[in-house]
Amino acid sequence: MSGAAKRVATSSVNWSKLAERLVPEHAAELTRVKGVSGTFQSAVSQLPADLPKIDFAALKKALPAHSAVLDSLQKQYEAIKIPYGEVPADYLKEVDQWVEYNNARIKLHDVKVADGLQEAKKVEEKWAKAPPVEHFDRQHFVEYFPAHFYDLRYQNRIPDPCNIGLNETPEIENRFKDYKVLRRADKVDDH
Amino acid sequence: MSLSRCLPLGQNARVIIIPARFAHAAAPQAATTTDEAPNFFQKLALRFQGVPLKGEAHAPKSMFEDCNKEWSAPEPLPAIPKDFKEHPDRDLVNYPYPARPMYPPKSRLLMMPDSWFTPFQKVTGVSGPYLFFGGLFAFLVNKELWVFEEQGHMTVGWILFYLLVSRTAGYKIDQGLYQGYQDRVNYFKGLIQEDLKDVVEFKKTSAAQTESLTAIKEALPTALKESMGLQLEATYRKNVQSVATELKRRVDYLKETEETKARFEKEQLLKLINDSVDKQINDRSFKDQYLQNAIQQLKGLNVQL
Numbered sequence: 001m002s003g004a005a006k007r008v009a010t011s012s013v014n015w016s017k018l019a020e021r022l023v024p025e026h027a028a029e030l031t032r033v034k035g036v037s038g039t040f041q042s043a044v045s046q047l048p049a050d051l052p053k054i055d056f057a058a059l060k061k062a063l064p065a066h067s068a069v070l071d072s073l074q075k076q077y078e079a080i081k082i083p084y085g086e087v088p089a090d091y092l093k094e095v096d097q098w099v100e101y102n103n104a105r106i107k108l109h110d111v112k113v114a115d116g117l118q119e120a121k122k123v124e125e126k127w128a129k130a131p132p133v134e135h136f137d138r139q140h141f142v143e144y145f146p147a148h149f150y151d152l153r154y155q156n157r158i159p160d161p162c163n164i165g166l167n168e169t170p171e172i173e174n175r176f177k178d179y180k181v182l183r184r185a186d187k188v189d190d191h
Numbered sequence: 001m002s003l004s005r006c007l008p009l010g011q012n013a014r015v016i017i018i019p020a021r022f023a024h025a026a027a028p029q030a031a032t033t034t035d036e037a038p039n040f041f042q043k044l045a046l047r048f049q050g051v052p053l054k055g056e057a058h059a060p061k062s063m064f065e066d067c068n069k070e071w072s073a074p075e076p077l078p079a080i081p082k083d084f085k086e087h088p089d090r091d092l093v094n095y096p097y098p099a100r101p102m103y104p105p106k107s108r109l110l111m112m113p114d115s116w117f118t119p120f121q122k123v124t125g126v127s128g129p130y131l132f133f134g135g136l137f138a139f140l141v142n143k144e145l146w147v148f149e150e151q152g153h154m155t156v157g158w159i160l161f162y163l164l165v166s167r168t169a170g171y172k173i174d175q176g177l178y179q180g181y182q183d184r185v186n187y188f189k190g191l192i193q194e195d196l197k198d199v200v201e202f203k204k205t206s207a208a209q210t211e212s213l214t215a216i217k218e219a220l221p222t223a224l225k226e227s228m229g230l231q232l233e234a235t236y237r238k239n240v241q242s243v244a245t246e247l248k249r250r251v252d253y254l255k256e257t258e259e260t261k262a263r264f265e266k267e268q269l270l271k272l273i274n275d276s277v278d279k280q281i282n283d284r285s286f287k288d289q290y291l292q293n294a295i296q297q298l299k300g301l302n303v304q305l
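Line by line, the protein sequences give chains A and X.
Note that this note's numbering has the first sequence beginning at 1, numbered continuously upward.
Note that this note's numbering has the second sequence beginning at 1, numbered continuously upward.
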């Protein structure tokens, strides 16, 4: 055999340990690679690693009539070189490209996490600074629970204490925008 | 002193003893002694004593149980942090944060704030404020500065009504209101917890994703390269196997040839031997000679009967 490339007999990746560390979104990628690797791994484990040693001397003794043929066979057998081959550069380049993509992905994730942590810190700080709910003032409720309370001093909305959804459509506001016109907009004043 | 001395019992005196069996007199004694099967009055007495009857886990709750009871909160409101400020500019010395009090401020005479009385006490003593306000009220009424409205006496009824309700149902009302208040506060606390839970969840998921991406970064390029290496190895081994098989086939052929040759030789030799034997057997002179030999041998036999 040619010993040019490093021979790989088993994968050095601990698949189960790796699978534990992955989130479900990334597990699919792992499964794909693992499937391919597993196929070749099983092929490798079934086939012989090297050419078997053959005792030509014993054979020659057993078959003296064919010693010339056996000689030529031995010569051929010893001279044979099975090419090992090597991974095409394109494929390695693809792996490198994938690494680049993954690095970009990690970078994006880091940016997202940093952003999210900043937001999270804001939320935590907000609640750390807030007084106990028991001591909330009216304006605190508006400040801290804007989805549940409103302050009509600065919010442009119609009072809706029963929460029937008066502010969900702009119709009422449009209807009463001009306090001098208490009529319907489409009503024609022709008499 | 015996009772007999108090009773001037003469010869003609007649003593009439009237058995007075009333529930309040007889029952408590019986209740303490009898516990197997109390009679009606004993049961009544047990009820009043608050002792559960046989077969009851606890005495029935009376509707008057909470009457005239003063309600107090099970736990005080949480204190405001000392240095709490809504804004860094807030002057906490002159304008402290208005913390919600757990109970209403102290009052006298049902509704007069205690703070109206205490400043007087330093100057006039304890009864001073009462005299002052009483005198002021009397003055106002006397000079008809305070004119009673014709329905004014209804106030007395209202006060009585307030007293009645507050003393009877006050405890339950306070308890119910407190419960409602707690529910509302807990609702808002729940909202806060939800908000913070999102933060915790985000931190957890983002940490898991970071870990996952790191693991992928570490392992996957190696895995991909090794996968390709394995593919090469598999192909190489396949070639090795085919070479080995081919060689075995050739050697096997040689062996087989040798064996066939040997077998053929053996067969030929056997055939030759068989043929020559057959040929000799079928020869007439050989048969006759054989018979003659046999007869000679038989003649030579010395048979003794």
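Keep in mind that the hints are not guaranteed to be accurate.
[Unchecked claim] List time: in silico DSS-like cross-link candidates among lysine-lysine, alpha-carbon distance up to 27 Å: (1) X:Lys189 with A:Lys126; (2) A:Lys61 with X:Lys255; (3) X:Lys255 with A:Lys93; (4) A:Lys112 with X:Lys43; (5) X:Lys54 with X:Lys43.
Everything labelled a hint here was simulated from the structure, so no lab data went into it.
Hint check results:
{"no.": "1", "hint": "X:Lys189 with A:Lys126", "result": "holds (14 Å)"}
{"no.": "2", "hint": "A:Lys61 with X:Lys255", "result": "holds (12 Å)"}
{"no.": "3", "hint": "X:Lys255 with A:Lys93", "result": "violated (51 Å)"}
{"no.": "4", "hint": "A:Lys112 with X:Lys43", "result": "violated (75 Å)"}
{"no.": "5", "hint": "X:Lys54 with X:Lys43", "result": "holds (10 Å)"}
Comparing the model with each earlier hint shows violations of hints 3 and 4; every other hint is respected.
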